[in-house]
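Enquirer: Two chains, two frames, some hints: make the complex.
Take a look at the letters that make up each chain.
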Amino acid sequence: MMLELRRGIASSVDIMKDGCFSSFDIMLEPRRGGASSVDIMKDGCFSSFDIMLEPRRGIASSVRGEGMLEIKDLYVDVEGHEILKGINLNIKRGEVHAIMGPNGAGKSTLSKVIAGDPSYDIKSGEILYNINFKNKNLLEMEPDIRAKEGIFLGFQYPVEIPGVNNAEFLRLAFNEVCKYQNVEELSKEDFLELLKSKMNLLGIKGKFIDRELNVDFSGGEKKRNEILQMAVLNPKIALLDETDSGLDVDALRIVGEGITKLKNREMSILLVTHYQRLLDYIVPDFVHVLYNGKIVKSGTRELAKEIEAKGFDWIIEEVK
Amino acid sequence: MRPEFFFSNYFRNIKSDEFQAYRNKALKEITGYEWPKFKKSEFWKYTDPSVFFEGIDSAPLPIGESSFLNTIDIDKYLVEDAVNILDTEDGLLIRDVLPQGITIENINALDASSLTTTNIELKHHIGGNGKQEKRNFLLLNKSYLNSGFNLKIEDNKNIDIPIQIIYTKGNSHVFRKNIIEIGKFSKATVIETYISENKNNLFFNIDTQINVAESANLSHYKLELSNSHDRIFNNVNVNINKDAFYNNFYFTNGGNTIKNNIESNLLEEGAETSLNGLYLLKNKNQVDNTTIINHIKPNTKSRQLYKGLLNDESKAVFDGLVEIFKNAKLSDSNQLNQNMLLSKTATINSMPQLVIGNDDVKCSHGSTSGQMDKNQLFYLQSRGMSKEEGSKLLSRAFINEILLKLEDENTRSFLINFINESFWS
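Residue numbers (the numbering used here), protein chains in the order written: chain A, 3 to 322; chain B, 502 to 926.
For reference, chain B alone in the conformation it holds in the complex (with noise of 0.2 Å):
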């Protein structure tokens, strides 16, 4: 399958023709290339590519007709204390009052302004396997690119208000675009939200590209709360500078198909990251996670925990690489992704990877994955838990962890009303 065909009448409604022209050079680039195949590279090993073009080359509905608002319950999506920013395709919608020194700007493809305004390239190193790969899917983002934000915090700023930007799914496919720049000494947390509650078999292609300027200390919590017929190829880029820290923490829920990549790049001395993901999958569901931290300098810190619970047939892959670069001296990296299958026909691959440059260096990593522990079943089942109850609290227990990972108590407990409502009910 070639990408230029996957909707030939894409391409009305665009009124901006610096957008067209944005968009054409990236098509230009892919015209021709032919999609890689199931298996054929280390980046497709476990997630078959062509799932995400399944049934696409009908045009989509075209943006801007449908406001999808309307027909679901919003504010059970809201993160309380939080400054709620509706992301829809009518554009932004602020709940409240902005916080002083953040400015947040639409990227619409029918908004002839949006692209003038907004710079939505930034220069990250690209690490890994699948570089051509990955390259070729966010071209394909450029090429249709149709909605995202663009998002700053200023320098000196201590925003202690969450942000949550909620992005509410449509019924056109997405090729979206998210920006995310904070300015020195600031110090934010950005939730973004993902809902998807209509039955529409969409492909979300969703890039992310976030510079954390010096001393900067950024949340970032992306919750992707999908139903069961998404198929989503998320990448997320981030920058971090001297003395700056990113958190981030990468929820999933479901999904026909996800391949969530994130790319944390150490690029001078004193700078810090933590990822962390959770995934909850049942059914068919299918995720596939690829994390690489690059430690570029030296004295750079990253921290890593990934958990999965998988029951019925669901797949789950966990691809990790943390790279210590040649001078990147005093880095310090712990790595650990642990899986809980509730069902024996989950499957889980697991690859935590390090590749390390130098001796002077402080790295661990590791995996677990396995059923539930029968000991501690059996424990909890002599104190009067039947079979069911214990487990459901020995995998709570499991991810309890990884939950506190959510500094943001609000937050969190949204997060926990909305796993025991899809994940337990």
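Chain A on its own, in the form it takes in the complex (with noise of 0.2 Å):
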């Protein structure tokens, strides 16, 4: 098969050969899900590849370590009650940060307020997010634009919304993200097949995709299908709301795994968490313990270890 190259969006490829993987810039025809056999010119000659093609959002050159979302000094209230206090975090592509903390610390509400929660009020700080090599206000966006700009938040308790079908949603959704990046949006049949190679790619079996959107899904069935919208979004950042609360191990395995998989190494993944048991799925390469709206301490996969075996009273004896 050919690369048609008609629509002018630029895509990094990672391709495997021989167990070591090779990146190549191409202009291709997005064509999204679906393993494909591709043709590719290398030092002249053409060699053929099985490869996976995902929709890139804007220009495809990509550095990973570049600066992808910069948090400075933001304070949130909800009515009335200050819930964050000053926090800052710097997050680059690629890398994966966990947030861990008792209840009530302000750990979705960071999350919420990222993803455009409008029922937050922001008191001050900014929020940096890159954006084709330039940081834009994130607090200056609608929610929907932050998500078709590349931010993904997948909820602490999905939300039931009867009256809406759950793969008509979904391919709603994906095209009106389509639509923002200017790509041709997918039919009715198109996205199905994307939908059902998603499933596969998760591990996810089930009816839940004709059903009314989470409505009577179980805990399980609900964060399942949080993952597999982040799937079909592909988001450059996903912020991960205590993904792992009401699982059981089964479920966990499926997302954590689920996860994995769709990590890439562009993809940046804030992970909101209580305990440490997702993060043997996900490896985090920073952890953070958000305590009393603030972040007091910061440290590798190590310290959600301690964490799991003390619990966090000592780093809140170490705060005070």
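Treat the hints with caution; some may be incorrect.
[Claimed, not checked] Incomplete in silico selection of chain A near chain B, CB under 10 Å:
| hint | residue |
| --- | --- |
| 1 | Leu141 |
| 2 | Glu144 |
| 3 | Ile147 |
| 4 | Phe171 |
| 5 | Gln231 |
[To be verified] Listed below are the simulated EDC-like cross-link pairs for lysine to aspartate or glutamate, each with C-alpha atoms no more than 20 Å apart in a straight line:
| hint | chain 1 | residue 1 | chain 2 | residue 2 |
| --- | --- | --- | --- | --- |
| 6 | A | Lys125 | A | Glu144 |
| 7 | B | Lys743 | B | Glu634 |
| 8 | B | Lys888 | A | Asp250 |
| 9 | A | Lys181 | B | Glu889 |
| 10 | A | Lys296 | A | Glu320 |
| 11 | A | Lys136 | A | Asp123 |
| 12 | B | Lys893 | A | Glu214 |
| 13 | B | Lys893 | A | Glu162 |
| 14 | B | Lys888 | A | Glu319 |
| 15 | B | Lys816 | B | Asp597 |
| 16 | A | Lys190 | B | Glu890 |
| 17 | B | Lys875 | A | Glu144 |
| 18 | A | Lys181 | B | Glu890 |
| 19 | B | Lys906 | A | Glu214 |
| 20 | B | Lys888 | A | Asp119 |
| 21 | B | Lys529 | B | Glu634 |
| 22 | B | Lys875 | A | Asp79 |
| 23 | B | Lys875 | A | Glu81 |
| 24 | B | Lys893 | A | Glu144 |
| 25 | A | Lys209 | A | Glu170 |
| 26 | B | Lys888 | A | Glu162 |
| 27 | B | Lys888 | A | Glu268 |
| 28 | B | Lys875 | A | Glu268 |
| 29 | A | Lys138 | A | Glu268 |
| 30 | B | Lys875 | A | Glu319 |
| 31 | B | Lys888 | A | Glu142 |
| 32 | B | Lys875 | A | Asp119 |
| 33 | B | Lys875 | A | Glu320 |
| 34 | B | Lys893 | A | Glu170 |
| 35 | B | Lys893 | A | Asp119 |
The set of hints was computed from the structure by calculation and includes no laboratory data.
Just so we're clear, the structure is a prediction, and the values are computed from it rather than from any experiment.
Positions of the beta carbon are idealized from the N, C-alpha and C atoms, including for glycine.
Expert: Structure below.
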């Protein structure tokens, strides 16, 4: 199969050959999902490769390690109560950050504020987001624009919406993103194919894609559905808010392995969690402890293990 | 204002003495009657009756002089695969062959014979508030009666093709009576479609009387496709006999002022009714829905769901009464009214009421009204849908449940298309 270069969307494609990845920048017609065999010219010869094409946002060339999200001195109120009291956090492309902390510390607030939940009152501070190498203030963007620019929030409590078909909703959301990116929208049939390939990838079975969105879903189904949405929308930054809560061992495995499969070297993850068990699947580069609206301690994966063993009290004591 | 002064020269053109006598008798009964003032009775608590009569004292065009059909594109109002009957000021035009076992006659003031062949009075129980007020509106209907139909379905007929009666409003005020009678063990779907495209400030007084005989099953969809000028007083009275089922769907789109009454009488054991309503309002539309369900005998069942979407400065009223009579043991009733307010200036008054005359019943009722759920909207936005698209999706989802009550798929898709063009355009 030859790649069509009609549409001027540049993508970087990682191609595995003989056990090694090589990176190529090519222009191609975005075709989502499904592995394709592609002939690519290198050194004057065509070689055949199996590749997985993913929609990429903006210009393809990217450097691991560049800043993606920078939170500066963020103060947030909800209904007159100060929840976040000066958050500073810097997330680079491809990094995984875990936010841990006791209940009520402000963990969920942080992820919702980044996604743009209007029920929070931003008192001061800024959140800079790298869009094509330019830092934009995320706080000035509507929630849907943030989503279209590659921010995804996996909800702790996915909202039930009666009367909206799950698969149809996903297609509408996907096509909204396509429209924004000036990419051709997908028909029902094509989208279903994409959806099925994502479900296969994630090892997700079940008929819940044909049901009403999250309505009467079990806890595990809701979280799997969140991960499926993430797979379809292919974000640049995934904010996963207590994605492991309410999951039994099997569901945790599916969700944990699913996130690992979706994580590519370009995707950054901010993982909000109470426990370290999800971190067995997704190894964090950094672990932060949020307490009383502030990040009071940062460390590596070892910190999460320490917390698992000893709880948060010793950290809170340190702060006092 | 007194009704006899509405239009003094209205009686021209009436060719039937019998028709005239019928009207005179009713007119005599309400002569001298002072129309109630706004808020002076429960029945007119939220809707000002005088609105119906504003500007009406000028004589309407005599009926029969304007054929409205030529001016509108009737085809877009036809439900697919239904027998379409156009009920015009010139009479009934049946587009297809009527299925066997159905007869339909026109009630027409210009047709001298129409009254003699037509039984236009069915006896009904009348309950709830405003008996007198309702009665007088119905006397007014008789006094000026100028149109209507009488539809009969014989016993033991399963009519699987829906019958759609399309009523095209003309240039005159309308006093209309529709009769539907379905015979024992028969089944049918009747769709009444009211079209209004002209901008005359017309008054419509429409009385529909229905009898559902033993073990019959009638689905009755009333689709009011109004413009923002219409003033409508609608009355539906249904008798449901042993083991019979009456399923009603009432769609109201806009309207200057609309008062819809429906009264469903579960007369005998095993009788069952399902009343469903959907109203979509914008601008200064006003709809007042009054429903009454009378569980007169034991082992009767009723289901009721009314949903409304209210935008701009529109107003809606839901006044629903379920009455379980003293000996109507094992009655089973469920009533729900839900409203979604799309603007801060829209208002809803919702009053579900239950009067229970014995202990051995299963009844529930409820009402919810509010703005769109912010958490749901944010969830959609977080997936890339704009606030506008998300709102649209949520309000569509809100009415999906009630649209599914339209069992005839062609009617449902017809209505969805209409809503897309008129409400969400």
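Enquirer: Determine for every hint whether it applies to the structure shown.
Expert: Now for the hints, and whether the structure bears them out:
1. Checking Leu141/A against chain B by beta carbon gives a least distance of about 15 Å; that is not within 10 Å, so the hint is violated.
2. Interface hint status for Glu144/A: upheld, as the beta-carbon distance to the closest one in chain B is roughly 7 Å, under 10 Å.
3. Contact between Ile147/A and chain B, as hinted, is supported at the beta carbon level, the nearest pair being about 8 Å apart and thus within 10 Å.
4. Among the interface hints, the one on Phe171/A holds; its C-beta lies about 8 Å from the nearest C-beta in chain B, closer than the 10 Å criterion.
5. Interface hint status for Gln231/A: upheld, as the beta-carbon distance to the closest one in chain B is roughly 6 Å, under 10 Å.
6. Proposed proximity of Lys125/A and Glu144/A is supported: the alpha carbons are some 17 Å apart, at most 20 Å.
7. Proposed proximity of Lys743/B and Glu634/B is contradicted: the alpha carbons are some 30 Å apart, above 20 Å.
8. Note on Lys888/B and Asp250/A: the hinted pairing is violated, with a Cα-Cα distance of about 35 Å set against a maximum of 20 Å.
9. The hinted pair formed by Lys181/A and Glu889/B meets the criterion: a straight-line CA distance of about 15 Å does not exceed 20 Å.
10. A threshold of 20 Å between alpha carbons decides the hint, and for Lys296/A with Glu320/A the separation of about 14 Å falls inside it, so the pair holds.
11. Annotation: proposed proximity of Lys136/A to Asp123/A is violated, straight-line Cα distance about 26 Å (limit 20 Å).
12. At roughly 17 Å between alpha-carbon atoms, Lys893/B and Glu214/A fall within 20 Å of each other, so this suggested pair holds.
13. For the suggested pair Lys893/B and Glu162/A, the alpha carbons sit about 16 Å apart, so the restraint of at most 20 Å is met.
14. Between the alpha carbons of Lys888/B and Glu319/A the distance comes to roughly 44 Å, so the proposed pair goes past 20 Å and is violated.
15. As the CA atoms of Lys816/B and Asp597/B are separated by approximately 40 Å, the hinted pair breaks the 20 Å bound.
16. Restraint check for Lys190/A and Glu890/B: satisfied, since their Cα atoms lie roughly 18 Å apart, inside the 20 Å limit.
17. The straight-line distance between the Cα atoms of Lys875/B and Glu144/A is roughly 14 Å, inside the 20 Å bound, and the hint therefore holds.
18. Our distance criterion of 20 Å between C-alpha atoms is met by Lys181/A and Glu890/B, whose separation comes to about 13 Å.
19. As the CA atoms of Lys906/B and Glu214/A are separated by approximately 17 Å, the hinted pair is consistent with the 20 Å bound.
20. Distance check on the hinted pair: Lys888/B and Asp119/A sit about 12 Å apart at the alpha-carbon level, within 20 Å; holds.
21. A distance of roughly 16 Å separates the Cα atoms of Lys529/B and Glu634/B; the hinted pair therefore holds under the 20 Å criterion.
22. For the hint linking Lys875/B to Asp79/A, the alpha-carbon distance of about 18 Å falls within 20 Å, and the restraint holds.
23. Under the criterion of a C-alpha separation no larger than 20 Å, the hint pairing Lys875/B with Glu81/A is consistent with the structure, at around 15 Å.
24. The straight-line distance between the Cα atoms of Lys893/B and Glu144/A is roughly 17 Å, inside the 20 Å bound, and the hint therefore holds.
25. At most 20 Å may separate the alpha-carbon atoms for a hinted pair to count; Lys209/A and Glu170/A meet this at roughly 13 Å.
26. This hinted pair checks out: Lys888/B and Glu162/A have alpha carbons roughly 18 Å apart, not beyond 20 Å.
27. Taken as a hint, the Lys888/B and Glu268/A pair is broken in the structure, with Cα atoms around 29 Å apart against an allowance of 20 Å.
28. For the given pair, Lys875/B sits about 32 Å from Glu268/A by alpha-carbon distance, which is inconsistent with the 20 Å threshold.
29. Pair hint Lys138/A plus Glu268/A holds up; C-alpha atoms about 19 Å apart against a cutoff of 20 Å.
30. A hinted pair counts as satisfied when its Cα atoms are at most 20 Å apart, and Lys875/B with Glu319/A does not qualify at roughly 38 Å.
31. Between Lys888/B and Glu142/A, the direct Cα distance comes to roughly 15 Å. Compliance with the 20 Å bound is thereby established for this hinted pair.
32. Pair hint Lys875/B plus Asp119/A holds up; C-alpha atoms about 9 Å apart against a cutoff of 20 Å.
33. Restraint check: the Cα-Cα separation between Lys875/B and Glu320/A comes to about 39 Å, which exceeds 20 Å; the hinted pair is violated.
34. Under the criterion of a C-alpha separation no larger than 20 Å, the hint pairing Lys893/B with Glu170/A is consistent with the structure, at around 14 Å.
35. Between Lys893/B and Asp119/A the alpha-carbon distance is near 19 Å, which keeps this suggested pair within the 20 Å criterion.
Taken one by one, the earlier hints fail for this structure at numbers 1, 7, 8, 11, 14, 15, 27, 28, 30 and 33, listed in ascending order.
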